[in-house]
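In order, the protein sequences belong to chains A and B.
Plus 1 on top of the position in the first sequence (first one is 1) and you've got my numbering.
Plus 33 on top of the position in the second sequence (first one is 1) and you've got my numbering.
Mixed in with the good hints, there may be bad ones.
Said to hold, decoys possible - Beyond 12 angstroms from chain A on every Cβ pair, some chain B residues (computed):
#, residue
1, A199
2, F314
3, G355
Claimed, not checked - One side of the interface only, derived from the structure: several residues of chain A facing chain B at Cβ under 10 angstroms:
#, residue
4, R33
5, L34
6, L62
7, W63
8, P95
9, L112
10, S182
11, A278
No wet-lab data here; the hints were simulated from the structure.
Everything numeric in this text was worked out from a predicted model, so none of it was measured.
Just so it is clear, CB atoms sit at the ideal spot from N, CA and C, and this is done for glycine as well.
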Amino acid sequence: MTWLNDVVQGLLLGGLYALFATGLSLMFGVMRLVNLAHGDLSIVAAFLALAIVDTVPVNPLWTVPLVVPLMFGVGYLLQRGLLNYTLRGGDPLPPVLVTFGLSIILQNLLLEVFSADSQGLDAGRIEDASIRVSDRLAVGWFPLLTLLVGIAVLAGLQLLIGRTRLGRAFRATADDPEAASLVGLDHRHVYAMATGIALATVAIAGIFLGIRTTFAPSVGPTRLIFAFEAVVIGGLGSLWGTLLGGLVLGVAQTLGAQLSPGWGVLAGHLVFLAVLAFRPTGLLGKAVPA
Amino acid sequence: MSGAVAAPALRVQRATLASRVGLVVGVVAVAVLAAGPLWARDSALRTLVGFFTLLALAAMWNLLAGYAGLVSIGQQAYVGLGAYGLLYFADTLGLNLFVSVLVAGLVGALVAVPTAALAFRLRGGYFAIGTWVIAEVYRLVVSNVSQLGGGSGLTLRAASAYDRTARLFATYELALAVGVGAVVLGYLLLRRRLGLALTAIRDQEAAAQRLGVDVFRTKFLVYVVAAFGCSLAGAVVYLNLLRVQPEAAFSVNWTAFMIFIVVIGGVGTIEGPIIGTIVFFVLQETLSGHGAWYLVLLGAVAVLVTLLARRGLWGLVAGRTGWSLFPVQRRLQELHPTEGR
Numbered sequence: 002m003t004w005l006n007d008v009v010q011g012l013l014l015g016g017l018y019a020l021f022a023t024g025l026s027l028m029f030g031v032m033r034l035v036n037l038a039h040g041d042l043s044i045v046a047a048f049l050a051l052a053i054v055d056t057v058p059v060n061p062l063w064t065v066p067l068v069v070p071l072m073f074g075v076g077y078l079l080q081r082g083l084l085n086y087t088l089r090g091g092d093p094l095p096p097v098l099v100t101f102g103l104s105i106i107l108q109n110l111l112l113e114v115f116s117a118d119s120q121g122l123d124a125g126r127i128e129d130a131s132i133r134v135s136d137r138l139a140v141g142w143f144p145l146l147t148l149l150v151g152i153a154v155l156a157g158l159q160l161l162i163g164r165t166r167l168g169r170a171f172r173a174t175a176d177d178p179e180a181a182s183l184v185g186l187d188h189r190h191v192y193a194m195a196t197g198i199a200l201a202t203v204a205i206a207g208i209f210l211g212i213r214t215t216f217a218p219s220v221g222p223t224r225l226i227f228a229f230e231a232v233v234i235g236g237l238g239s240l241w242g243t244l245l246g247g248l249v250l251g252v253a254q255t256l257g258a259q260l261s262p263g264w265g266v267l268a269g270h271l272v273f274l275a276v277l278a279f280r281p282t283g284l285l286g287k288a289v290p291a
Numbered sequence: 034m035s036g037a038v039a040a041p042a043l044r045v046q047r048a049t050l051a052s053r054v055g056l057v058v059g060v061v062a063v064a065v066l067a068a069g070p071l072w073a074r075d076s077a078l079r080t081l082v083g084f085f086t087l088l089a090l091a092a093m094w095n096l097l098a099g100y101a102g103l104v105s106i107g108q109q110a111y112v113g114l115g116a117y118g119l120l121y122f123a124d125t126l127g128l129n130l131f132v133s134v135l136v137a138g139l140v141g142a143l144v145a146v147p148t149a150a151l152a153f154r155l156r157g158g159y160f161a162i163g164t165w166v167i168a169e170v171y172r173l174v175v176s177n178v179s180q181l182g183g184g185s186g187l188t189l190r191a192a193s194a195y196d197r198t199a200r201l202f203a204t205y206e207l208a209l210a211v212g213v214g215a216v217v218l219g220y221l222l223l224r225r226r227l228g229l230a231l232t233a234i235r236d237q238e239a240a241a242q243r244l245g246v247d248v249f250r251t252k253f254l255v256y257v258v259a260a261f262g263c264s265l266a267g268a269v270v271y272l273n274l275l276r277v278q279p280e281a282a283f284s285v286n287w288t289a290f291m292i293f294i295v296v297i298g299g300v301g302t303i304e305g306p307i308i309g310t311i312v313f314f315v316l317q318e319t320l321s322g323h324g325a326w327y328l329v330l331l332g333a334v335a336v337l338v339t340l341l342a343r344r345g346l347w348g349l350v351a352g353r354t355g356w357s358l359f360p361v362q363r364r365l366q367e368l369h370p371t372e373g374r
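One chain only, chain B, in its complex shape (with noise of 0.2 angstroms):
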């Protein structure tokens, strides 16, 4: 391959400086979190728990969402079995309450195989209500099953037999371990075959089928992942809170801040969920004492994001810089002569 002809030589490139500094900067504060225990006291280490399970939830979202086209908004489903999983296996069953929490998210993954073959009958804005209407389903069922508490709940009692310091430590490293884990997870997946697949049937979901992408497949494998995730972080919202509610587990407030957060930071972008929850945490800790005008607040600035910034807080910085901190992206460079042989 010397230059003979005057074709270009090239090189796809797949990262940015952008990338390589966000990498940087995204290990250190990585492992400044997992040291958390160190330096932050039990109630921060507790907020922070609800930072990254909300933003491993986010993640999922962004991916059904963003990039598989699905608009589900039957997330809470897996958020409340993933709660109700753990309960069984480690209450029940006597797992061990750690390996309990990773069962429950398998038990959401396994739901969703029969709830994607329901749901992927309907498109659009009618799949979105079927999500929710099967979410619902979910929650009436439990709540009609007197061993799993009915409708007033049950509370984690395997949780009792660990020393609450212990318990605080080995939840905080779990939540940011899956908090990480979703954005990374998502992050590889579209790096890879899946990826392209998936950008095509965001971008044009009749093109990418002509152009041979097996979309059901596809968008099937992804809500599957998504039930996953969500179920996980369910079981590390609860593996903290202790109680669990029917009412609470599967309240689809859980898929509208899901909503919130990714349409804020940036829909179909990986770093929209994670300016997407520190938006949301910030607001909520400075205007959640003003009660509904908060969330009507939270409801309009979706709608006008939606209306004029598609893709959302990181869209407009991405928009105006070119910086892509995970570049998904594979960019064509010419190759200088005297580089490359």
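This is chain A alone, in the form it adopts within the complex (with noise of 0.2 angstroms):
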């Protein structure tokens, strides 16, 4: 029975997987931009939350209304002051080049403000909290409230996509910004909303990384190849796909790392090429490959 429960600490990690997945997914389905600093915005989203807890004593999910507008801001202004700039002239090259030096930039930022020392940010009760449900199998609070926060956030966007003004501003000008701009979209101005929403569900998900487990400056890059074997296992252009994929991923860690503790993460990778390989448009994908 102790692969049921693998399987249960699958599902559950998957679903902090699919919360930092779904501000990549955002960005690319909007603006076919692919952010490689998306890891490391997470991770100072998770100093940002740390900072507050050591200057004044909160539970750090009580940060999570805080850093999250901040971070909507940031990525509002990150947009519009930087990487609309890359994407003018449909050249592949000067969105891959800005955002990974944003990535260096940010991990050596960090590592200068608050050392190379692994943090935690400290929950309380709710981090050991479980639901038993038999001799071998424990639901822990905490994973399941990330799973649940990850959903909510997954059909919150999708009903903010498919329901109002901004959404319908987001799948014009993902057809056609230049359409888009003639019926009076500023592209720059949409584009904008998309990152800092993202931003935003990035920032959800640092905070939680933070609280499930410990986080340092040099740890961005791998939450941004997990987020994106997310996307690509589960399909590029399907929200529901982006959380089928966290699953699968959190699955497949989980039952590598039983098979042997070095196996979990490679375990992943390769479920990761074998989608690639016989699956390129993902499980839930449309039929365009990115």
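From the two separate chains plus the hints, produce the assembled complex.
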């Protein structure tokens, strides 16, 4: 029965990965931009929460209402002040180079400010509390909360895209930025809103990561890679696919680690490569690969 | 073809004054460097080994990103494979140390074939992360193989059979050959038909495809060549360092340095990696004492150069002066009536 426990723990871990992947998926969907600093920005959010908790002794979960709008603002300004300029002319090089440069800058700034030490956010009793289903199966409250928040964020985003004016602007600009600007949509603003929302989700992911495990300035790229794998496994352009991709990745890593402690992350990578080889559009992806 | 009609007689000109001067200066420079063991101290030779291998890596990354539009963040895969290939063939199979370097390069090229088949399913930014993931896979696999020393790595034992100084000299000449070879190889590739195809892809991929360029095949070829070059350079790096660890050999920093060098020097120009490697080395020697701030600065410079000066430092120079040390373009020149009869 331990495998059942592993699958359940893997699904819960997958909730966190889905949370990380949502913003990456949204930015790519709206403007075909792959933000290589995605993981590092989540670590920035975790350190922001740490700085708040160090100043005012509150439960780190209470920093969410502060850090999320802050990261939204960071995202909006980042897109308008920098990333929009990489998208001119349709050259594929600048977005990759600029966001990779940004990733290196953020990692090393964090290193200078917070040192290379591993840090953690202490959320108190919720971290250890669990629901005992049977002798061999226990579901932790916090991982469960993470999964539920991940699903809620994805559902909220789905509603936003499908039902609101802003969502319509996202879809219109994604289809054809020039035509969208003809009907009065400023794509620079629309893109900035998308990045703002993406970083808001990244902020939640970063804080939840910080509560679940330790983090350091150098771990951003790993978060980017897991988020990317979740997006590709699930299928580009599908938000529910991203959730499924996160869950598959979480289960693959947990089962892999069960076989041998060194094989957890590798098992996740292999599932990603298998999807790339045999189903390049992803499990729920639309027909056109990126 | 006597000029009875008004059609001017034309000649395809490929060399320029700057390129002729550059060729002479280049040949002299390579000759002086090749005589390095005669005039340089051992520590300087070791630094130059680092310089030449970095130049080779940057030249390869420039071929990938600057010409084939393949922005790989996974070239550390080949540095690591080159290092472990050298170790495996020299120590485990007992092949000659210097032949093992070449074989390690070939191993990298061989591994690049299935890697490309997978990675080419992704484009743009996703290709970048995809190559990174594949490099991580190789790192994790190597870390889990105990014959290769696992996570703690191995030392190149075959090197101890050689005299220290003789080995350093040989490593130095090999590094020089790999560095200069990478630049010259890129130049020769670009002067050929493949170069036209690559330049067309660099400028407008869709248009190149429509003009009959086999985009996939061209990119595939460049990817395999770059893998060969990076593996060869990786093998030479570890021929110099002797101690191989998966974390270091497969570190993404290798690719980060390639990117900084090429972007600052001039992406999509043959001269760029040379200028970039010199600038990178000067910055490293003067600023590396400032730790992380040095990398913050490098990152910021790369971002600014990408946005404000797309073809880097060399692009600025060439734009002002029209110089081209490695002319790959073809210029039409009108023949003077007395010429070329």
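Structure-based check of each hint:
no.: 1; hint: A199; verdict: 39 angstroms, holds
no.: 2; hint: F314; verdict: 18 angstroms, holds
no.: 3; hint: G355; verdict: 23 angstroms, holds
no.: 4; hint: R33; verdict: 7 angstroms, holds
no.: 5; hint: L34; verdict: 7 angstroms, holds
no.: 6; hint: L62; verdict: 30 angstroms, violated
no.: 7; hint: W63; verdict: 31 angstroms, violated
no.: 8; hint: P95; verdict: 5 angstroms, holds
no.: 9; hint: L112; verdict: 4 angstroms, holds
no.: 10; hint: S182; verdict: 22 angstroms, violated
no.: 11; hint: A278; verdict: 6 angstroms, holds
Hint check: violations occur at hints 6, 7 and 10; the rest are consistent with the structure.
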